[in-house]
Amino acid sequence: MAGHPLSGLIIRTGAVRLPDVGYILACDPERESQEIQHTISFTWKSGKFNRGEANFSAVSCCITQHPEPGLVKVGGSGSYSFETGRGITAGNIFKNGQPQQSRTGDIRSTSEIAGSAYAVGLRGLVCRLDQSRMWTYVDHGLPRTFNIQAVHGFNGSDIYAVGRRGDVWRFDGHDWMKLEVSTNGLLTTVKCAGDGLVYIGGHSGILIRGRETAWNVIDQEETTDDLWDLEWFEGTLYVSTMSGVYRLRGETLEAVDFGADSPKTTYQLSAAKGVLWSIGRSDVMSFDGERWTRVV
Numbered sequence: 008m009a010g011h012p013l014s015g016l017i018i019r020t021g022a023v024r025l026p027d028v029g030y031i032l033a034c035d036p037e038r039e040s041q042e043i044q045h046t047i048s049f050t051w052k053s054g055k056f057n058r059g060e061a062n063f064s065a066v067s068c069c070i071t072q073h074p075e076p077g078l079v080k081v082g083g084s085g086s087y088s089f090e091t092g093r094g095i096t097a098g099n100i101f102k103n104g105q106p107q108q109s110r111t112g113d114i115r116s117t118s119e120i121a122g123s124a125y126a127v128g129l130r131g132l133v134c135r136l137d138q139s140r141m142w143t144y145v146d147h148g149l150p151r152t153f154n155i156q157a158v159h160g161f162n163g164s165d166i167y168a169v170g171r172r173g174d175v176w177r178f179d180g181h182d183w184m185k186l187e188v189s190t191n192g193l194l195t196t197v198k199c200a201g202d203g204l205v206y207i208g209g210h211s212g213i214l215i216r217g218r219e220t221a222w223n224v225i226d227q228e229e230t231t232d233d234l235w236d237l238e239w240f241e242g243t244l245y246v247s248t249m250s251g252v253y254r255l256r257g258e259t260l261e262a263v264d265f266g267a268d269s270p271k272t273t274y275q276l277s278a279a280k281g282v283l284w285s286i287g288r289s290d291v292m293s294f295d296g297e298r299w300t301r302v303v
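In my numbering, the protein residues as written are 8 to 303.
Among the hints, a few may not be true.
As the list claims (entries may be wrong) - Estimated spans, in silico, between C-beta atoms of each pair:
1) Gly15 <-> Asp268: 16 to 24 Å
2) Asp137 <-> Met184: 21 to 29 Å
3) Glu75 <-> Gln108: 21 to 29 Å
The hints are simulated quantities; they were obtained by calculation from the structure and are not laboratory data.
Even glycine gets a Cβ: it sits at the ideal position worked out from N, Cα and C.
Required output: the full structure, derived from the provided sequences and hints.
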């Protein structure tokens, strides 16, 4: 990657908007080692990279349509930015959250649900970006012992949050209900898929499928690596670990064939119409449904 705009940087995460448009969040390892809050961001468009910087360490991002089309970045400390065609709004979730409450906890991730950005974190924290400077807490009823790692939903009245000790909770638009999913492992990712089912992944290769109160563990034997992300693309579930990307075929995971130019690193996934991204510490790969090509 020498001579590349991201040369010497560590990729944290990213999101793809269109086959030729996406976003990559990275950091400088030297500043990172000194615990200096920062994010080096890139907008990738038709092979060209446009660089920007922020003074907080973004750990997750998502593309949203409400309150207007844009890109939401969130940091573990609650700092966030909302980038739209009109400019950038920056703030802090804990300061801009309504109604005001004492519940705070490190932010773990943000996801788009029905066009809105939801952020989740430790101590049962769930909130939704409703205005550029206002997040609405929707976590009433969740225990502070629920350390949430990820959230996703079919819509605002059918949302699933997952976390430590096998905890899974469902939000019906009014109340949260605890679900039993036959594991006490650390759950790291959840995807409400196009087949109408919910998929949950976690440590040691745990993969669960179901919806509402009916769940089953998929007894896959392909990997015992921790599952870090799930994505639904063109009728298929894709699963990512730190060392590879897989697709689910029935009850079996099979490794994807990246071709001659395989990435050395994988971690997260992002999908949009006609495109799937695999995002690793030093690689970003793009899939059009037939072949993989390198972005970074």
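For the pair glycine 15 and aspartate 268, does the Cβ-Cβ distance stay inside 16 to 24 Å?
Taking Cβ atoms as reference, glycine 15 and aspartate 268 lie about 21 Å apart, which means the hint holds.
Looking only at beta-carbon atoms, does the pair glutamate 75, glutamine 108 fall within the given range of 21 to 29 Å? Check passed, 26 Å falls within 21 to 29 Å.
Holds or violated: 21 to 29 Å for the Cβ distance of aspartate 137 and methionine 184? holds (23 Å)
Consistency with the previously given hints is maintained throughout, with no hint failing.
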